[in-house]
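Undergrad: Chains as they are written, first to last, in the working numbering: chain A, 1 to 200; chain B, 1 to 200.
None of these hints come from the bench; they were simulated from the model.
Bear in mind the structure is a predicted one, so any value in this text is a computation, not a measurement.
All copies of an identical chain are treated as equivalent in the list; a pair is satisfied when it fits inside any one copy or across any two copies.
Pairs of lysine to any residue, SDA-like flavour, derived with a Cα cap of 25 Å:
| no. | residue 1 | residue 2 |
| --- | --- | --- |
| 1 | 18 | 134 |
| 2 | 18 | 129 |
| 3 | 18 | 133 |
| 4 | 18 | 132 |
| 5 | 18 | 1 |
| 6 | 18 | 41 |
There are 2 protein chains.
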Amino acid sequence: MRISELAEVTGVPVHTLKFYLREGVLPPGAATSRTRADYGEAHVERVRLVRALVEHGGVSIGDIRSIVEALDSPPPSRHELLGVAHRALPGVTAGAEVSAEVADLLESLGWTTCTDGPLAAGLTAAVAAARAAGVELAPAELRRYAEAMRAAAEVDVEVALRATSAADALRTVVLGTVMVDPVLLALRRIAQEGVSAERG
Amino acid sequence: MRISELAEVTGVPVHTLKFYLREGVLPPGAATSRTRADYGEAHVERVRLVRALVEHGGVSIGDIRSIVEALDSPPPSRHELLGVAHRALPGVTAGAEVSAEVADLLESLGWTTCTDGPLAAGLTAAVAAARAAGVELAPAELRRYAEAMRAAAEVDVEVALRATSAADALRTVVLGTVMVDPVLLALRRIAQEGVSAERG
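My request is simple: use the sequences and hints to build the entire structure.
TA: Here is the structure:
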C-alpha cells in the first residue's frame, strides 16, 4: 500500500508517518519509484505500536527508537528481553539507590535477579515518595501489594510465552506493560469500591 | 508558624503557598495582624497532600479544590466517600459507555455497586484502548487481572478502615490511590522479571 493508504488504515496522518520514517522508528517501505514506496502489514503493526507508546505510554521518540532497535535485533534470552523492554519504558529507572527494605523484600519473594537493578531503584523511589507524601505503607502492606502484582505478572508472563518469536515476545511485553497499566489502575479503583461494599 | 516557616517545613516556596491560598486549596491561617497569619500542623499536612496530588497524581488545581472541599465536609458513608475520592482523581471518568463484557465481569465478581458508573466506563475505555493497540487481553486474562487488583484493594480498604475520622479516611484513600499507583506499577515490572526467572 502507499503511504496515504497506510495513513488511512492506521488513522495516523501522512506527515506523522513521515516523521516516524525520519526518526527511524518506522522502517522505509520498498521503493517502487523514485518518489513512491510500498508498505505492508508489518508497517501497519509498527505504526500501531509507536502510536500506542506515544499516546498512552508517554514514551519519547528516543526511547521508542531503542525499543524498535531491540525489536529488529531481539536479544537471545527471554530474561534479557524483559530487561530491554523495562529499560526502554519510562518511569522505571527513576532513582539510583536500592533501600535495604526493598532488597530484603525482593529477596524474600525469591526475585533475586533484580535486587540491585534499576527496577529495584525505581521501586525504592516510589516507596519513598509515597511515604514523604504521608502514606504510611507499612512493610507488611508493601509485601501484600507485591503478592498482588505477582498474580498480575503471572498473566503477563503467560501471554509473553505464547509469542511465536523473540521479537513478538518483546512487542507483547512492551505493549502489554504500557497498555495494561491503565486497565490495572482502573480495576484497582473498582475493586476498592467492590471490597468496601462487601465489608460495608 | 509564619508562612515563611510553613515554606521551610514543607519545602514549598512562599509564592506557591500564596497561590494555594488564593486558589482555596489551603485554608487561611489565623490572622495575628493585618499582614500576618499563623499556620499549624493541619496546614503542613494539607500542603503535603496538595503537593503530592500535583506532582505525582497529575491532578489539576480545580480537581484538588473538589477533593479538599470533600475533606472539609466529608460525606456520611464510606461508600460515598470512595465515590467522592474516585470522581476527583484524574483518568477515571474517561469514557462514557460501559461494555457488556465489563458489566458482566463486575457482576460476576460481586461488585454490583459500580457496574454502571464512571469507573466501569473508565475500565471499558482502557480495555478498548489496549485492544486497539494490539494487546489481545482475553476475557479470562482480564478476570485474572481483576482478581489481582482485588488483593491490592483489600490492603487499600483495610488501611482506610484504620482512619479515625471520615475526613482522615478520605485523605487516606485519595493519597493512597495516587501515591501507591506508581509503587504497584514498579512492582508489576519487578514481578514480571521474577516470575519469568522462576519459569526460565
